[in-house]
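Going by our numbering, the sequence shown opens with residue 535, and the numbers climb by one from there.
No wet-lab data here; the hints were simulated from the structure. Among the hints, a few may not be true.
[Unchecked claim] Derived DSS-like pairs: lysine-lysine, alpha-carbon spacing no greater than 27 Å straight-line:
1. Lys630 with Lys594
2. Lys544 with Lys598
3. Lys598 with Lys630
4. Lys599 with Lys632
[As the list claims (entries may be wrong)] The calculated label-pair distances, taken between Cβ atoms and stated as ranges, are:
5. Ser536 with Pro620: 26 to 32 Å
6. Phe619 with Ile551: 31 to 37 Å
7. Ser603 with Tyr556: 20 to 26 Å
For each residue, glycine too, the CB sits at the ideal point set by N, CA and C.
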Amino acid sequence: MSKFMDDYGKPLITLAISGIIYALISMLVPASQSDVVLTFFRACICFVFGINLYQYRRTKTWVKKLIVSFIFMFLMLIDMGYDIFPQLINILNILKIKGFLLNLIYVFLGWTFFN
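Start from the sequences and build out the full structure, keeping to the hints where you can.
So, in structure tokens, the structure goes:
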């Protein structure tokens, strides 16, 4: 039962609790700020879900974690609508990296954070 909880239980519990928190926040946040706040929580939920998917030995290298964190923050700020580097935003628009694909990238970054 412990192996089942490690492999499937933690990610499922994370999704359930995250869904409840996301629904509560979407009801409580004013409409003028909802896009930014909900984008932030959606990105964090995907990242935490990716972290919970990795079950093996967690590495302690800080350089890779720093790079993954910067990429995550950069993509999250772009998703919120902030123009940090317009040239890179044009590249992301050409590659059609937005919406669901961006959520998958957040999950991947969470998975690679401890990989």
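Verification of the hints:
For the proposed pair Lys630 and Lys594, the alpha carbon gap of about 34 Å is over 27 Å, so the pair is violated. Using a Cα cut-off of 27 Å, the hinted pair Lys544 and Lys598 holds, with the two alpha carbons roughly 24 Å apart. A C-alpha spacing of about 26 Å is found between Lys598 and Lys630, which places the hinted pair at or below 27 Å, so the restraint holds. Between Lys599 and Lys632 the CA atoms are separated by roughly 23 Å; this keeps the pair inside 27 Å, and the hint holds.
For Ser536 paired with Pro620, a C-beta distance near 50 Å fails the hint of 26 to 32 Å. With their beta carbons about 35 Å apart, Phe619 and Ile551 fall inside the hinted range of 31 to 37 Å. Between Ser603 and Tyr556 the CB atoms are about 22 Å apart, so this pair conforms to the stated range of 20 to 26 Å.
Consistency with the previously given hints fails for numbers 1 and 5, ordered from lowest to highest.
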